[in-house]
Amino acid sequence: MKKKTITWIFIGFAVLTGSQIIAQGVDISGFARNYTGFLMNDATEFSIIQNTFNLNFEQRTDKIGFKVNPVLYHYFDRDIDFRLREAYLDAYFPKLDIRIGQQQIIYGKAEGVFITDIVSPKDLSEFLLPDFDEIRMGVTAVKLNYFFGMNNLEAVWVPVFTPTRFAEPGSIWAPKLFVPPLPLLGYSSKEIKPSVENSEVFLRFSRMTSKADFELVAGYHWLDDPALHMTGVIDQTTMKPIGLDAKAEYHRMSMAGGSLSTTLGGFVIRTEAAYNHGRYFQTSDPLATDGTAKKDYLHYMIGLDYTLKGVKLSAQFIQEFIADYEEGINQEEFENTMTFLAAKDFFREKVWLELFAYAGLNKGDALIRPKISYAFADGFDLQMGANLFTGDREGRFGQYKDNSMIYWKIKYSF
Amino acid sequence: MKTIQFLLLSVLVILTGTIQVSAQMSGKEIMEAVYHNPTGDDVQGQLEMRLINKQGNTRVRELQRYIKTENNVEKTIMFFLNPADVRNTSFMNWSYSDGRDDDQWIYLPALKRIKRISSDSKSDYFMGSDFTYDDMGDRHPDDDKHTLVKEEVLEGQNCYVVESVSKDPSYMYSKTITWVMKDNYLGLKREFYDEDGRLLKILRIKDFKKISGYWVILHTEMHNIQKDHRTEIIFSEILINKGIPASKFTERSMTMGK
Numbered sequence: 001m002k003k004k005t006i007t008w009i010f011i012g013f014a015v016l017t018g019s020q021i022i023a024q025g026v027d028i029s030g031f032a033r034n035y036t037g038f039l040m041n042d043a044t045e046f047s048i049i050q051n052t053f054n055l056n057f058e059q060r061t062d063k064i065g066f067k068v069n070p071v072l073y074h075y076f077d078r079d080i081d082f083r084l085r086e087a088y089l090d091a092y093f094p095k096l097d098i099r100i101g102q103q104q105i106i107y108g109k110a111e112g113v114f115i116t117d118i119v120s121p122k123d124l125s126e127f128l129l130p131d132f133d134e135i136r137m138g139v140t141a142v143k144l145n146y147f148f149g150m151n152n153l154e155a156v157w158v159p160v161f162t163p164t165r166f167a168e169p170g171s172i173w174a175p176k177l178f179v180p181p182l183p184l185l186g187y188s189s190k191e192i193k194p195s196v197e198n199s200e201v202f203l204r205f206s207r208m209t210s211k212a213d214f215e216l217v218a219g220y221h222w223l224d225d226p227a228l229h230m231t232g233v234i235d236q237t238t239m240k241p242i243g244l245d246a247k248a249e250y251h252r253m254s255m256a257g258g259s260l261s262t263t264l265g266g267f268v269i270r271t272e273a274a275y276n277h278g279r280y281f282q283t284s285d286p287l288a289t290d291g292t293a294k295k296d297y298l299h300y301m302i303g304l305d306y307t308l309k310g311v312k313l314s315a316q317f318i319q320e321f322i323a324d325y326e327e328g329i330n331q332e333e334f335e336n337t338m339t340f341l342a343a344k345d346f347f348r349e350k351v352w353l354e355l356f357a358y359a360g361l362n363k364g365d366a367l368i369r370p371k372i373s374y375a376f377a378d379g380f381d382l383q384m385g386a387n388l389f390t391g392d393r394e395g396r397f398g399q400y401k402d403n404s405m406i407y408w409k410i411k412y413s414f
Numbered sequence: 001m002k003t004i005q006f007l008l009l010s011v012l013v014i015l016t017g018t019i020q021v022s023a024q025m026s027g028k029e030i031m032e033a034v035y036h037n038p039t040g041d042d043v044q045g046q047l048e049m050r051l052i053n054k055q056g057n058t059r060v061r062e063l064q065r066y067i068k069t070e071n072n073v074e075k076t077i078m079f080f081l082n083p084a085d086v087r088n089t090s091f092m093n094w095s096y097s098d099g100r101d102d103d104q105w106i107y108l109p110a111l112k113r114i115k116r117i118s119s120d121s122k123s124d125y126f127m128g129s130d131f132t133y134d135d136m137g138d139r140h141p142d143d144d145k146h147t148l149v150k151e152e153v154l155e156g157q158n159c160y161v162v163e164s165v166s167k168d169p170s171y172m173y174s175k176t177i178t179w180v181m182k183d184n185y186l187g188l189k190r191e192f193y194d195e196d197g198r199l200l201k202i203l204r205i206k207d208f209k210k211i212s213g214y215w216v217i218l219h220t221e222m223h224n225i226q227k228d229h230r231t232e233i234i235f236s237e238i239l240i241n242k243g244i245p246a247s248k249f250t251e252r253s254m255t256m257g258k
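Chains as they are written, first to last, in my numbering: chain B, 1 to 414; chain R, 1 to 258.
If we strip away everything but chain B, and leave its shape as in the complex, we get (with noise of 0.2 Å):
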């Protein structure tokens, strides 16, 4: 009831306001798309039937700024969810620029993975499928910017700490869950309130130059993803372990890193690496404490881009490793993935035809996206494509093997 109400809210304020705000030289744009996509298993069910309504209101004077993005999902099986995907306002300086509210923010030069790009938390309800600037949800954070000559420097501050949103249990996209060596008895979790003290920082440095742009990036702050802690529950009578308590925590965590791209002929070599310092794995060492194992990783991405005869090729090799590893930690001390992608348009940019893949290399597993797009008319696109899982069910995208899916998606862009 309530988010019918805050829906009906919302669409009268774009109705009743819309001339008004047109008026005074508010840029409204944004766009309507339906979302609809079958399971290839199981033909009769639909993976997904979305409507979706997305709108910008915004504006930029020489001295000020806003914008607001309210975006509406409707689901033929869930209630609308209303969003709030960004809401902020800006302030322009000769050298500065102040941005304060919901933001989504951008590090690194990595596609379709995330590594120094860590501000934004992620939207994992439907996997890796939706767009990217769905997948990243809004923080709301003060974000400043110093800008000399091709310099940039930029500072931010997340007073509230927003985790990554999984998607809810019994969903198909559910994540694997972890299943402990004895029955669970307890579970609870630890939110972050906010507060000055729980508040994360961000710093980045960029340069563009002729030769190479790159990036120095920093961060104290929250890992996204809980880690599950687990102590033994014992039987007071026979003094053995008859269950877990499990409870998932928030940690702290740094991260230094950065990411560079410059040409070589007709190449585009972009790389990106971040260090994190004090991440818990989950383990399965029965001496460990609590069932987890703090170590600092490396998260690193060499990608090449190039276009021959007109295809555009882009390929990127990803890792992640884990320092001072031990046996039992449910993650592989080296953990390989590639990401494969080829785009050509056709007929003057009305046809365009999409190969995207991911490949975990330690699994042998996949996720394979070819898609093909037509713009009828400006604005207008219908979109056919399949997202393909394939490979060992231990691996991040094998774990989906069963929802591989065919789909289409109509858009209007206003």
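In short, the hints are calculated from the structure, not lab data. One thing to keep in mind: the hints can contain errors.
To be verified - Examples of chain R residues lying across from chain B (beta carbon under 10 Å, computed):
1) Asn-53
2) Ala-84
3) Arg-116
4) Leu-188
What the hints assert, rightly or not - Footprint (simulated), chain B over chain R, 3 or more residues, beta carbon under 8 Å:
5) 98-109
6) 124-136
7) 243-255
What the hints assert, rightly or not - Derived pair list, reagent style DSS-like, types lysine-lysine, alpha-carbon separation capped at 25 Å:
8) B:Lys-63 with R:Lys-112
9) R:Lys-54 with B:Lys-350
10) R:Lys-54 with B:Lys-344
11) B:Lys-211 with R:Lys-122
12) R:Lys-258 with B:Lys-63
13) R:Lys-115 with B:Lys-312
14) R:Lys-209 with R:Lys-182
15) R:Lys-167 with R:Lys-145
Think of the CB as a built atom: it goes at the ideal place given N, C-alpha and C, for glycine as much as any other residue.
Dock chain R against chain B, hints included.
Below, chain R alone, put in the same frame as chain B:
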């Protein structure tokens, strides 16, 4: 005797004409004059691209463009205004007079990220138009071998006709032929020939005028003869030498969309 006199006179006229052409300018000098035609330190304005297929259906793209030359680097930034699905996208190009490859970046608002792209793909078509990225830029005269073919009057304008063949055998055009107006060294017409030597496209300047003391092309049309598809570019709201700040060609400007 009269026949001999006529022949001698004819030879003299031809030789004199040839000498006059040679003495005037070579093909290379003409194309250098075109390249170095003063354009002001900076130019800004709105571009409307009309993509017209053989059925006459028209698609329209609108951009705001800023160009500034500073320290032998020509910097261009374009903000895409329409259609809606590309709005707020921006594209920046730095072109170097020393012949270095251009630097190019694109900002995609959905990804909120500036991406460096290779300028090697100059044969790609710009926004689905009949103009390649190479056609949109100023090709350096040293990249081609130029020959003055003839002089003729085209659309009431006295023109040099210059044939240009790329020094790079893999270049997308086997040759181009340019009609250069003698009065102002603006190209009035250019024919583009494909790798097989067949006429591919014709570029026509439909309107031009002097603004703030500089010749400016206001309306061009590129006609792909082989596909019978046309693209018109109309340049309006032109301002020259208004002192576009260097900060217009930065990360900040690309992400702001203005």
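Hints, verified against the model:
Of the supplied interface hints, the one on R:Asn-53 holds, with its beta-carbon coming within about 8 Å of a beta-carbon of chain B, less than 10 Å. Annotation: interface hint on R:Ala-84 holds; nearest CB of chain B at approximately 4 Å, less than 10 Å. Restraint check, R:Arg-116 versus chain B: the minimum CB separation of about 5 Å is within 10 Å; hint holds. Residue-level restraint check for R:Leu-188 is violated (minimum Cβ-Cβ distance to chain B is 26 Å; threshold 10 Å).
Given as covered by chain B, the region 98-109 of chain R passes the check, having 4 residues with a CB less than 8 Å from a CB of that chain where 3 are the minimum. Remark: the region 124-136 of chain R is confirmed as covered by chain B, as 5 of its residues place a Cβ nearer than 8 Å to a Cβ of that chain, reaching the required three. Only when three residues or more bring their CB closer than 8 Å to a CB of chain B does the claim for the region 243-255 of chain R stand; here the count is 4, and the claim holds. This hinted pair checks out: B:Lys-63 and R:Lys-112 have alpha carbons roughly 21 Å apart, not beyond 25 Å.
About 15 Å separates the Cα atoms of R:Lys-54 and B:Lys-350, which keeps this hinted pair within 25 Å; it holds. A distance of roughly 23 Å separates the Cα atoms of R:Lys-54 and B:Lys-344; the hinted pair therefore holds under the 25 Å criterion. The suggested pairing of B:Lys-211 with R:Lys-122 holds, with an alpha-carbon distance near 19 Å, which does not exceed 25 Å. This hinted pair checks out: R:Lys-258 and B:Lys-63 have alpha carbons roughly 13 Å apart, not beyond 25 Å.
Annotation: proposed proximity of R:Lys-115 to B:Lys-312 holds, straight-line Cα distance about 14 Å (limit 25 Å). A C-alpha spacing of about 15 Å is found between R:Lys-209 and R:Lys-182, which places the hinted pair at or below 25 Å, so the restraint holds. Annotation: proposed proximity of R:Lys-167 to R:Lys-145 holds, straight-line Cα distance about 7 Å (limit 25 Å).
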